[in-house]
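There are 2 protein chains.
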Amino acid sequence: MEIKNVCILGAGTLGSRVALQAAISGYQIGIFDIHEKALTDSFQVMKGILLQLEKAEKIQEPIEKILSRIHFTTEMDKAVNQADIINESVTEDLNIKLEVWRKIGEIAPKHTIFTTNTSYLLPSHLAEASGRAEKFCAFHFHDVFYARVVDIMPHPGTDPSLIPLLEDFGKSLNQVPVLVKKENPGYIFNSMLIALIGAAGKLLTGEVASIEDIDKSWMVNFHMPMGPFGILDSIGLDTAWHVTKSRKDTASKDFASLLKTYIDQGKLGEKSGAGFYYYPNPEYKRHDFLN
Amino acid sequence: MEIKNVCILGAGTLGSRVALQAAISGYQIGIFDIHEKALTDSFQVMKGILLQLEKAEKIQEPIEKILSRIHFTTEMDKAVNQADIINESVTEDLNIKLEVWRKIGEIAPKHTIFTTNTSYLLPSHLAEASGRAEKFCAFHFHDVFYARVVDIMPHPGTDPSLIPLLEDFGKSLNQVPVLVKKENPGYIFNSMLIALIGAAGKLLTGEVASIEDIDKSWMVNFHMPMGPFGILDSIGLDTAWHVTKSRKDTASKDFASLLKTYIDQGKLGEKSGAGFYYYPNPEYKRHDFLN
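In order, the protein sequences belong to chains A and B. Here the working numbering is used: the first residue of the first sequence is 94, the next is one more, and so on. Here the working numbering is used: the first residue of the second sequence is 94, the next is one more, and so on.
In case anyone wonders, no lab produced these hints; they're calculated from the structure. It is possible that part of the hints are untrue.
Since the list gives no way to pick out one identical chain from another, each pair is judged satisfied if it fits inside one copy or across any two copies.
As the list claims (entries may be wrong) - In silico DSS-like pairs for lysine-lysine, Cα to Cα no more than 25 Å straight-line:
id, residue 1, residue 2
1, K295, K338
2, K341, K171
3, K346, K274
4, K341, K295
5, K295, K346
6, K378, K264
7, K151, K274
8, K148, K158
9, K171, K158
No experiment lies behind these values; they were computed from the predicted model shown.
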């Protein structure tokens with residue numbers, strides 16, 4: 094089958110970026126959100142990204158032409174009724190997602206491929222609710238433009254013929270598809286990132302080294318622009334706390350407690366102006382940090 | 094005190110690189126090894142690195158002038174008797190290191206700073222044997238030229254006034270010094286690297302994803318030139334196995350078993366021509382690997 098029409102459910106940060114990349118790649122997009130405001134914000138975010146891409150000469154068409162392929166709507170059936178594939182990025186809440194997938198199962202065309210962009214749930218949590226478990230698969234983006242991995246994670250009931258289709262579709266979106274052969278919370282990259290961050294957290298709570306020396310060690314040896322605590326600030330300490338507090342080992346518990354003290358002070362990371370560092374000019378970005 | 098004369102014990106890969114960088118930085122070096130052959134090999138390795146650095150315009154002096162500051166010897170007292178600081182990189186074996194430090198304690202000048210470059214032992218394992226525990230500290234390099242972190246890890250009896258001296262000395266060697274405030278096996282960077290590699294190993298032994306997809310995930314999202322299995326090949330699977338098999342959790346045990354099957358086939362990583370990938374042209378370096 095050929096994919097022409099793409100439906101994105103949820104016009105948050107990630108949904109907007111996926112929709113935009115799909116439009117850049119030439120697809121027709123219907124993007125749905127229940128909130129009109131989310132859609133107008135999404136439009137502005139897309140425009141901002143397109144201006145950057147235009148400046149970097151990374152798009153071949155005029156901005157208006159790309160945006161003309163994206164149809165913003167608060168009516169779910171308008172986004173869904175022509176879709177060859179749906180990628181769902183609604184609020185990360187099981188009940189909300191179950192409700193959305195029940196409705197999609199009722200209104201989507203028979204041939205439509207169902208994918209979820211969930212970060213923390215598994216496709217098997219949602220597949221049955223859609224009424225078409227065999228057409229259901231996780232298709233999980235990272236940030237689309239810088240971190241270009243897309244995880245393809247089937248559940249045990251996914252029709253295997255979907256996998257090559259999703260691999261080709263992912264490539265057409267300028268992503269690098271990777272296959273998660275069995276359901277795994279955290280897919281591939283996030284599993285490794287959580288381990289790295291956990292080790293950094295243990296060094297900090299164990300008073301082995303300072304935030305700065307931990308980040309320096311990673312940045313210098315791997316020539317990376319940020320270390321684990323800079324990464325945590327960009328992810329958001331609230332998000333990191335949600336992941337960390339669900340783990341049972343002592344080191345994770347200690348680190349979750351430490352994260353909570355930051356969160357209680359309103360330090361959520363880059364988005365709040367402070368986290369382990371202060372923004373917009375965090376110490377780790379200063380030219381003398383690695384001297 | 095001013096450091097002018099540097100003694101390097103052990104002319105293996107890391108000892109040679111530390112000695113060379115110290116010579117580039119203008120110090121007088123005595124480098125000791127019990128094997129004449131190790132010293133002649135070390136000289137060749139240094140020459141090779143200097144030719145690369147000269148080509149990249151990263152050294153200001155003629156190669157011969159830099160090398161003239163390095164004195165190679167199989168007589169330990171000749172390397173030690175003028176030393177302001179000693180950095181020991183002999184075989185990673187407790188008894189050998191203890192024997193070396195006992196001897197150094199007998200022959201070194203009174204003011205000499207004692208440092209070990211050990212990867213797996215702790216300074217408190219060696220300090221007493223030197224007879225001058227207060228002058229003893231770990232001073233641990235990574236690869237000196239690409240990975241420029243140097244870990245300063247005192248044991249509880251180290252004289253605190255050594256720390257700023259070692260920080261300045263590390264900076265003078267073009268390294269980024271970081272302080273490991275209490276003894277920690279794996280210092281800072283290696284603790285995090287081991288966690289990352291452990292998570293990658295768990296994804297592989299759990300049959301969640303392929304070697305290539307695990308590496309792709311890391312390389313693409315972090316824009317890095319290699320992923321965990323490429324890194325393992327460069328570290329050496331035998332070294333990784335030694336670290337992994339000492340860990341008690343199921344995932345580490347499974348991964349240690351898997352590493353052993355590679356080692357039993359002679360696949361030790363890049364140095365043996367094969368590991369998770371085949372060298373000198375591993376798949377992950379091919380231009381189409383991330384397509």
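Against the structure, the hints come out as follows:
no.	hint	result
1	K295 to K338	both (14 Å within a copy, 21 Å between copies)
2	K341 to K171	neither (44 Å within a copy, 55 Å between copies)
3	K346 to K274	between (30 Å within a copy, 22 Å between copies)
4	K341 to K295	both (14 Å within a copy, 18 Å between copies)
5	K295 to K346	both (10 Å within a copy, 22 Å between copies)
6	K378 to K264	between (33 Å within a copy, 19 Å between copies)
7	K151 to K274	neither (33 Å within a copy, 46 Å between copies)
8	K148 to K158	within (16 Å within a copy, 49 Å between copies)
9	K171 to K158	within (21 Å within a copy, 76 Å between copies)
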